[in-house]
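Sequence lines, in order, name chains A, B, C, D and E.
The first sequence begins at 8 in our numbering and counts up by one.
The second sequence begins at 8 in our numbering and counts up by one.
The third sequence begins at 8 in our numbering and counts up by one.
The fourth sequence begins at 8 in our numbering and counts up by one.
The fifth sequence begins at 8 in our numbering and counts up by one.
Treat each hint with caution, since some may be false.
Intra- or inter-copy, both count: the list cannot distinguish identical chains.
[To be verified] Calculated lysine to any residue pairs in the SDA-like style (CA-CA distance at most 25 Å, straight line):
1) Lys145 <-> Leu68
2) Lys145 <-> Phe129
3) Lys81 <-> Ala106
4) Lys145 <-> Glu57
5) Lys197 <-> Ile260
6) Lys274 <-> Glu52
7) Lys330 <-> Thr318
8) Lys331 <-> Ala311
9) Lys205 <-> Glu179
10) Lys140 <-> Leu333
11) Lys140 <-> Ile244
Derived from the structure by calculation, the hints contain no laboratory data.
These are the residues of each chain, in order.
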Amino acid sequence: MVQHAACMTYGANGDFSERQGVDLASVLPLDSRRVTWLDIHGMTEPSALEPFSTSLGIHPLTLEDILNTEQRPKMEDFGDYVFIDLNMLWYDSEQGVEAQQVSFILGSRYVISFQRGDVDVFAGVRERLRSGKGRLRKMGADYLAYALVDAVVDNYFLVLEKLGEEIEDIEEALIANPGRETLRGIHHLKRELLHLRKSVWPLREAVGALDRGESALIQPGTRAYLRDVYDHTIQVIDALETYRDMVSGMLDIYLSSISNRMNEVMKVLTIISTVFIPLTFLAGVYGMNFRFMPELSWRWGYPALLGIMLTVAAVMLAFFRRKKWL
Amino acid sequence: MVQHAACMTYGANGDFSERQGVDLASVLPLDSRRVTWLDIHGMTEPSALEPFSTSLGIHPLTLEDILNTEQRPKMEDFGDYVFIDLNMLWYDSEQGVEAQQVSFILGSRYVISFQRGDVDVFAGVRERLRSGKGRLRKMGADYLAYALVDAVVDNYFLVLEKLGEEIEDIEEALIANPGRETLRGIHHLKRELLHLRKSVWPLREAVGALDRGESALIQPGTRAYLRDVYDHTIQVIDALETYRDMVSGMLDIYLSSISNRMNEVMKVLTIISTVFIPLTFLAGVYGMNFRFMPELSWRWGYPALLGIMLTVAAVMLAFFRRKKWL
Amino acid sequence: MVQHAACMTYGANGDFSERQGVDLASVLPLDSRRVTWLDIHGMTEPSALEPFSTSLGIHPLTLEDILNTEQRPKMEDFGDYVFIDLNMLWYDSEQGVEAQQVSFILGSRYVISFQRGDVDVFAGVRERLRSGKGRLRKMGADYLAYALVDAVVDNYFLVLEKLGEEIEDIEEALIANPGRETLRGIHHLKRELLHLRKSVWPLREAVGALDRGESALIQPGTRAYLRDVYDHTIQVIDALETYRDMVSGMLDIYLSSISNRMNEVMKVLTIISTVFIPLTFLAGVYGMNFRFMPELSWRWGYPALLGIMLTVAAVMLAFFRRKKWL
Amino acid sequence: MVQHAACMTYGANGDFSERQGVDLASVLPLDSRRVTWLDIHGMTEPSALEPFSTSLGIHPLTLEDILNTEQRPKMEDFGDYVFIDLNMLWYDSEQGVEAQQVSFILGSRYVISFQRGDVDVFAGVRERLRSGKGRLRKMGADYLAYALVDAVVDNYFLVLEKLGEEIEDIEEALIANPGRETLRGIHHLKRELLHLRKSVWPLREAVGALDRGESALIQPGTRAYLRDVYDHTIQVIDALETYRDMVSGMLDIYLSSISNRMNEVMKVLTIISTVFIPLTFLAGVYGMNFRFMPELSWRWGYPALLGIMLTVAAVMLAFFRRKKWL
Amino acid sequence: MVQHAACMTYGANGDFSERQGVDLASVLPLDSRRVTWLDIHGMTEPSALEPFSTSLGIHPLTLEDILNTEQRPKMEDFGDYVFIDLNMLWYDSEQGVEAQQVSFILGSRYVISFQRGDVDVFAGVRERLRSGKGRLRKMGADYLAYALVDAVVDNYFLVLEKLGEEIEDIEEALIANPGRETLRGIHHLKRELLHLRKSVWPLREAVGALDRGESALIQPGTRAYLRDVYDHTIQVIDALETYRDMVSGMLDIYLSSISNRMNEVMKVLTIISTVFIPLTFLAGVYGMNFRFMPELSWRWGYPALLGIMLTVAAVMLAFFRRKKWL
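Isolated chain A, as found in the complex:
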């Protein structure tokens, strides 16, 4: 079922019309002299798209891909139209990185976009269309498709920024007071980067294919813009790989600092035991019940022994300190 559909059309002469909550069937046939953007939210039934399938020549596999929510980002050129499937990412402060599939069909004079969830990143594009500022209304459907893809890719930078902040938080915790929470944070981050990576690499591939592709639907003037989006995806990948290296370095630091701290503890405890063991031995010696132990009856035997014990302890501690064990 389609939750909501909006239709915007604009032409070279500068006119622009927008309809919210349109019935899908009612927008056909498309006006071939104007650019039409059909923005569909919450598609769940294939039948709703069937009129498009026949009127615009959409391949059954494309319809299947649109309905299937676990697609890998990709770009497919069907000649009459180009199908683009992307993952839109955003950072939810509680859930971490969230993903939502966004699909586009770019035809000669139309773009159909399909969004699954409630998060909407096309507000900016919509506003630029309505205001008529910038070059958006002066260009064709391919430029509109670029603008939409660009909006999705730009969102990745926000996600990266948030992850960058998370990394900094964990690094501070790592210096201040590393604990189990820190370890959990590192592993959480590691997994998020893993998932991000899973959607960024094919994204790059898809955008790259769009840029290099031979599709006649994309005009030479738009290619430079696509290359720009492509550069952005590479930047995202670079940042991601750097983050991965940083996170794995953080894990190393965590493990070695935990093990260091534990070793320090054990060392101090062992030193305490080691200092007292010879003293206890001395006390044991003079606790023996031999009849003939001359020291026992000496007048200053007891204080002398206490002195000896103090000396032994002091010598041992000095030795440990000189060896830098303390």
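Following the hints, put chains B, C, D and E in place on chain A, whose structure we already have.
Structure of chains B, C, D and E alone, referenced to chain A:
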């Protein structure tokens, strides 16, 4: 020996016939105006296929490959026919991931499929053929081959799902109560992913070769479908690589949590010893038999010492707590 | 010096002749209407081959390569002939994986094979030639070369099988009773896989070059067979890489199980000490010589203390058990 | 806002003029018979460049890239001009490796360079232009662009040298007295190499694209120089990768030496305890109050026991020494 | 400054002349009908080469590369000549692997070689030229260049052999008596392999470019020889990678054996303590001063307790032995 063979034929005019338990020799010569699907189970002897070899021009090496059960997935174009060798995987709740070789010979008007074991994934294709729904009976042998390959690849997703559940189980165990069982589970999973990987990478190669291949046997309209299967194999590989990363992360968590727990135990034990050792020393001192030890004859010597001992223990514990060693 | 040379010739009309212990010079000039296989064992002197060099146009570098026993597997196309250099591997139950260089010169109507050691894998090919069964005597020199290369590559599977058995043995030892022997076994296996890998990768390259090569000496009908050998080399590599992953997993298991066992031992020992230390302290307290210690003169002081000691020990052990430290 | 702009022009006849602090608008139109170098510092507003955009046909995306300070090094050929974006690196003794973006627009007869910060590496090029020595004033704009890129890349070697010194310092500390500082130094170095790597790999790509590129703006004679710069970037990468390997080796050495030292400490402490524990036991035995202990009333019992204790201690120490535990 | 230069010329008619200590300027112009080899040692000034630069058309960048001693091995084709830059390696028994840059300029009828240091590997080539044996004097300048490159590459095998011996020494030490020296040896070896690798990979690239290159200066007959050198560089790389794997395996063995030994020591020490602690407790019990302790006045109390102590110790040791802790 052939255990069972079924033969289905269908033509452009919509007629369809099916014969179960056919004798291989009896299906020859094939009707060149209809599509023939010969589905053979449990082949063990080369001689059974010899009539095909001569009538359909099958290369001796292909026959050898069909009989050899330890083949690597591959696609070979022999001009007159294309030979496809796949590993069908399924998840057995006791044995884990199991594999079975499935081979196809795709000719201009026929598909011969060879299955070794009892697991059958072609039931869906068979049903679609019998019912005549969908496009299957309207298309050629290449589309039938696509449908069979697709059925095999779709099964991989079921296997992945099961492995995903296994991973989740182990992750829960990892948080709740990691033990030797968890370690064994991780290593078991690791090995299963290794085996899966061994058959998925060449699968991708084989399907990719089919899609990109120049074979005249595959019509342009079928290529989009093959590309779709290819995308599925890439999705399988992506999931697999993510699983591998997750499993190796789980191993790290396991090892560090085990070592952490052990360290905690040793720390507590050592602290107990460390607290008692100075106390034991004090007791030893007043167990000495010096004649001149004034404290021994003091009226409150004993309770005073007990008080001192309590104080020493309390100070040490407070110190350890302040140092966060406890 | 040539230790032994055998010469077999056969022609399209089905005749076949074999001579053992031939003098190299005596086989020249080769009969251009028949296929000649010259099988040379134990070559150590370049001069013995000089007649061939001039009569068949063998390049001096090829002669050098044949005499040099530490070659990397390779395939070189010299136009008039193709030079193939392989490592034959076998598994010696005492020495492990052993290697021996085998070289081939494939000309338009002849194959010269050079074997260094005593292990001979060409017995099967020789037998098929003598019996005249199969297609061997009906095909040209290129098919003979294929049969010889195939015999060498098939031997790799035997080696893999033996290594697979070794891996299983070590895995069992790893579960039953891991010790220093197991570690040594793992490292030995690791090194053998390393050496195997060193000869398998260039083998794949060499066979691949033969298959893809443009050499006019190899007829189209033989290419399918070469592709088959190529597939075998890939299978060997796949198995090898899987073995490597398994062995490195085994090392991880070994190390973590050893460290686990050691930790268990230390834990038990430390627990024993920890239980006795407070008890020893109590005994020390009542061994003190204070004049005023009322407990000492109580009638039931001694048994009461023993009871307290038992209680303390029991409580500690119960605590350790509840904490799952025991 | 443009902080400072300098304009140098020179022609084939050897004349040369230089203006500091020019207004950007005033340099247009460029003299097409002379080479113009416009060196702009501290650009922050797009409007300042708009006259160039129209007069020289600069694409809006290029202007955006120039203003965006977090670009990845790249080279883009827009036909009429080539846009080059580099990271200039330098080593600040306090901050470590610092980066600053430097962009170039190379047209047929002009080069515009954009520098963001205060560090200036073009002093050498400027001097060579002013003095007229070398080939710089005799060549075209492409050679000027090469000279500027070369100046940036040469700076990388200075950075590498400084990092090399840092590595040597840490290595010395590693041998002399490894501590927490050393670990921090290693991780700092690791992160710096990570950042360096992030800008060097795309640098290589960009310079390589310039060298291999088909751009008509770059004359054949200049290509050899570009290849030279390209070789330099490869040398930087080689050094970088070697440094990375060295640093990861240093981390291994650090961790194993720390763990070794800790183990040594624990061993010595444990040996001290182990020697005294049997002695304390002996003292405990003769501290027992049995009425019938004949040794207690022997004349030489006490000295004999002391002798036994010394012997036990000596034997244990000798045993430990023979076992190389001490 | 040029330290020493030697000039050899030879022609097709078999004549040969050699001059030692020539002045560079005096050898120009080169006799175009004969092959000239100019062997220059210890170049430090660019001016010395200027006559060549103009007479033979050497590019300024080549002169720069010759003087720059920290070049990466490379091959550059300048049309009129090919510039080859290699690292000559040798093994110094004290310093380990040492490197020296060797450069060649190969023109149509001449080779100029530049050596920096005192180590000379061209003695063999020089001798073959003087004696006139072999094909060297019958071939052109390209074959001479091959012979010189081959001499450099052959030296790598000597270095590998020495490193192989070092590896064997360390392996023996690893089995016999691993200590800090062994660790240092492993790290030293690791670093040497790192440096070797740094010069071998570009060497392979350079020789490969020479072999595959389109340069008209290299005649078809010489290509087979270059391919041979190329094979040698691949063999060097193979050996190197194997060594790297072996060394990293050795590090694993070292670390695990050190940690094993330490664990063994700690285990034995802990067992000694653990055996004595219950005994000391027993002695402590009978050292208590309770008035009513019936055992103290038993006739056989003391020997009975000693017997109990022995039993306890024996039981504990037996238990530890059965558990394989001893």
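_Let me make sure I understand: some of the numbered hints might not hold for this structure. Which ones are they, in numerical order?_
Violated: hints 6, 8, 10 and 11.
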